[in-house]
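Asks: Here are the chains, one letter per residue:
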Amino acid sequence: MSVIAPKFRLGYLVKGITDNIFWIIVLLTLIGIPVVQIVLIYIDFPVIDGEIWNPFRVFDAMTHPERALPLVKNFMQTDLFKVVAFPGFGFAALIAAAVIFVERKMLAKLQLRVGPFYCGKVEGILQLMGDGLKLISKEIIIPAKADKPLFWAVPVLFAATAGAFVALIPVAPGWVVADIDLGLLAVFAVIGFFPIITILAGWSSNSKFPFIGGIRALYQMVSFEIPLILSLLGIVMLTGTLNLSEIVESQSFFPWIVFMPIGAVVFFICILAELERIPFDLPEAESEIVAGWLTELSGMMYGLVQLGSYLKLYAFAALFVVMFLGGWNGPSIFPMEPMAEVITDGIVIMPDALVVKDIPGLPLFAGEMINGTIWFILKTAAVIFFILLPRGVFPRIRIDLLLKIGWYKLIVLAFVNIFIALALVYGGIIGPGGII
Amino acid sequence: MSNQVYPKDKEILPGLQIEKVDDRIMTLNVGPQHPGSGHMRIIIKVDGDYIVHTDPDPGYVHRGEEKMAEYRNYITNIPHLERPVIHDSCNILYPYCLGVEELLGLEVPERAKYLRVIAAELNRCVYIEYWLAIYGIFLGHSTMFMWPVGDRELLIDLLDKMTGARVTHAYFVPGGVRNDVPPNFEDVCLRQVNYFEKRLKEYADVFYDNPILISRTKDTGVLSREDAIKLGTTGSVLRASGVDFDIRKKEPYDVYEELDFQTSVLKEGDSYARSKIPWLDMFESCKIIRNALKKMPKSGSVRVKLKPKPKGEDTEVYRRVESGRGALGMHIVSRGTPQPYRLKISVPSFRNLIAMPHLLTGEKLGNMPAVYWSLNYWPVEADR
Amino acid sequence: MSSTDSTEIAKTDDSSLASDLDKSLSDSISKKFSNVEIAYVKPDRIRVNVKKEDIIDVVSFIRDELNFDHAESVSGVDYPEDKQIEVVYHLGSYTDTSLDKKIIALATRTSREDDPRPGNDNTILPSLRDVFPSVSFHERECFEMLGVYFDGHPDNRRLLLPEDWADMPPLRKDFRIKGR
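Quick note, the sequences are listed as chains A, B and C, same order.
Its first residue numbered 30, the first sequence is counted upward by one per residue in the numbering used here.
Its first residue numbered 1145, the second sequence is counted upward by one per residue in the numbering used here.
Its first residue numbered 324, the third sequence is counted upward by one per residue in the numbering used here.
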């Protein structure tokens, strides 16, 4: 094994750190503070607790976190935060990055090798960043006779559609970007876009292998969308709603997988097919059609499609959790509210030494939300693990066998699942006016 | 006595003749820059998902080994003749050495014969592991790519100890082997081969018993016994079609007569059987190695001394051995010069290539990698 | 086989080592066809020289009566001093277990021209592809490497050489490698 930093000296490290601190201070004072001042003069200020903020209060808040808390809490309730950061894109992209890393390391362990190892010094945790930089710095090559507007649109459309899918997933009570009454129907509508995008990619690149890959993707996704939709209908019958948040709330006592195991299995297999993951990675079957509909994509166009597909992976796993595993419901492992004396007296960290005063506005997030998020992430990680696992175990399936599974077996099983749901509803066991 | 394979009326094998196809059929150039082709091109015409015409186009790595051999003498031919298939370099030198020994009239020492058998069997396993790895990745099974490549390292280490080189050994010379093995070689070899055999059994769990693999390869690319004989296929392709023909048994060279092993034969003739035969062969190879280690003389010379530029008789020889892919023959024409007048290498890959258009035509495109690589075809060797 | 003391190999002594089966095979060929020449009968190896007019008959006899069912190799040898090119077919048997070790080397010769135009000159041999489909690719290789046109072969195209190869067939003796 090669030495990672052969000429390491502590002096150089200290010098590097102090240099960086020096430059940060210099740039912050010379550029950062004037810029903030100029910006603050021009923007509108929100009204918080009945009083309007002004630039001086913002500057005041910058000096002490306690005074900035109301501003931060206000920001977290805005749509911008929800779309960009927490239940939306940022959160999903972070999970997607983690999934890529875990996938590579897990597959490596399965195959008796080490996987990413050097980049980032600790088990290659920065490998993904390196890959991203590589993709960004690569040249984007467009085939000469490609349909250029469509070709450029494909990666953007793919990532955007995956992002739209992510926006429909409720992560914690109240924490969902788009909480619409027909949430499940919206999910089906968004899924319906993916085959169109893949066939567009295959068509617009004007190349044979992408075209075959696009056609295969079309076949595969269309034939697996039907059992996917059917497998979720049973739950809609039992809950009587299409709103994903309400579906999660209906599972506070038991998850639907207890009553719908067949539906869960069908849905899981459909997930694998929709995600084009091994054993159903036919649209990208390397040894047959090079890289399928991704063949002509290069550089960050490919990177965007990969990002989109991992966002899609997260979204499907999250949908499985929402529909079958009870979403954010779970035993309380995070204290819901601090005890009364803590609120009044503050927390005694060391006896007689230091008493932290009660800070108004804390905690930043409700305990219920953090608890829900933790359960949601744990369940999603478990589902993602089972989505990743077949890659190390299975070879690729053939397209005719795949379509046969989709049309002959999964649809039948999905109908069995629906009949179970109907029996439960009409038997009065569950559902509106049922025993449970 | 009539021949059962050839019926009296003439018939044309499907896939071997050029068919006229209309323009709406898509032509795919699979290779030479294609992850599923190797160093060759297969021009495939597809009608929907079905292959209607296949035209293999090898030659991208043609190096003119046969022409080069006419300019070099019998000893200096050794290092370049192993280049066509460096993963099986002992076995491709084997018929050459046997033929040159027959031409020069050399008697190989007993210990060298056993060392040759051990090296050849180790090399066969190295080749098959590499082939199996690529078969795994062709079917999209990445674990089956990593495992054989990792286990192959065990045997490469052994060959490294034995010959001094990891891949291109140039170990066989006319009249014996180049050098003797290090003193503790027998123990190390036995230990590593035993461990290797244990690992081989695990492949069944992850690969050969995998239902998806079976559904993909069973009944695809079926080569009947008659067609296998007619097309002159050899090695694992032939034995998967139910013809029990292994040169090691049928025309034993060196000490294969005295060793105890079976040839593996399956009757199905489909891709699954063709992919399984080499794996079964590796178990037999382990058996042969253990057997040879037991019977090998503990000491003795390993090479006869040769004159600087030995001259052959004015005659010709044809010798063949069973390599990792099948029967590998060498036709050496000598005219009393230090160089061979003509050296023809009849390689198994080239002989199995003829089955490719026969098998692929009529298959689905998705079966192409499964059928193609199950032919145990090594493009570099076929090009020579 | 391997321990054969081959220093003694000369064409006359060699036949003494050959088995009865070898001799009976060669006898049956020479009895049936008067104008073929049995060049040698070594242990398990028989070489038969035939004229190119007779080769289809001889090879059909070998296939149908002697049970040799496939060709192992087709090697062309160039003899510029004789102005001839020899093509040697090595025939073997899978179906008949008594013939496992036996190889019949069937050699035939055709005329050779100093200025070769492959396919358009007199270097022509009848193709054995209809008798043995296994020679199909071997004959294609022989065609491009030595310029022997196989009459009756439906697919006399380049196989290994590049499509734009414009020099003479490379395995002829007057094609020299540069620097040698």
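Because the hints were derived from the structure by calculation, they are not lab data.
Cβ coordinates follow ideal geometry from the N, Cα and C atoms, glycine included.
It cannot be assumed that every hint is accurate.
[Said to hold, decoys possible] Over 10 Å on every C-beta distance to chain B, these chain A residues come out as not near it, computed from the model:
| # | residue |
| --- | --- |
| 1 | Phe51 |
| 2 | Val55 |
| 3 | Tyr147 |
| 4 | Ile154 |
| 5 | Ala193 |
| 6 | Gly221 |
| 7 | Phe238 |
| 8 | Ile241 |
| 9 | Glu254 |
| 10 | Val265 |
| 11 | Ile286 |
| 12 | Val319 |
| 13 | Met398 |
| 14 | Gly421 |
| 15 | Gly457 |
[Stated by the list, open to error] From the structure, some residues in chain B lie toward chain C, with a derived Cβ separation under 8 Å:
| # | residue |
| --- | --- |
| 16 | Tyr1194 |
| 17 | Pro1202 |
| 18 | Gly1376 |
| 19 | Met1440 |
| 20 | Gly1444 |
| 21 | Arg1447 |
| 22 | Tyr1462 |
| 23 | Val1477 |
| 24 | Gly1480 |
| 25 | Ser1490 |
| 26 | Leu1497 |
| 27 | Asp1527 |
Asks: Compare the structure with each hint and give your call.
Replies: Consistency of the hints with the structure:
1. Phe51: Per Cβ check, A:Phe51 is outside 10 Å of chain B; nearest 48 Å; holds.
2. Val55: holds (50 Å)
3. Tyr147: holds (19 Å)
4. Ile154: holds (22 Å)
5. Ala193: holds (30 Å)
6. Gly221: holds (24 Å)
7. Phe238: Per Cβ check, A:Phe238 is inside 10 Å of chain B; nearest 8 Å; violated.
8. Ile241: The assertion about A:Ile241 is violated, with a minimum of 8 Å to chain B.
9. Glu254: holds (21 Å)
10. Val265: A:Val265 clear of chain B: closest Cβ-Cβ about 32 Å, beyond 10 Å.
11. Ile286: Label holds. Min Cβ-Cβ 25 Å, cutoff 10 Å.
12. Val319: violated (6 Å)
13. Met398: Nearest chain B Cβ is 39 Å from A:Met398, so the label holds.
14. Gly421: violated (5 Å)
15. Gly457: holds (41 Å)
16. Tyr1194: violated (22 Å)
17. Pro1202: holds (6 Å)
18. Gly1376: B:Gly1376 check passes; min Cβ-Cβ to chain C is 3 Å, inside 8 Å.
19. Met1440: violated (16 Å)
20. Gly1444: violated (15 Å)
21. Arg1447: Constraint on B:Arg1447 not satisfied, violated at 15 Å.
22. Tyr1462: For B:Tyr1462, the interface hint holds, since the closest Cβ of chain C sits about 6 Å away, which is under 8 Å.
23. Val1477: Interface hint status for B:Val1477: holds (6 Å vs cutoff 8 Å).
24. Gly1480: violated (13 Å)
25. Ser1490: Holds: closest Cβ of chain C sits about 3 Å from B:Ser1490, inside 8 Å.
26. Leu1497: holds (6 Å)
27. Asp1527: holds (6 Å)
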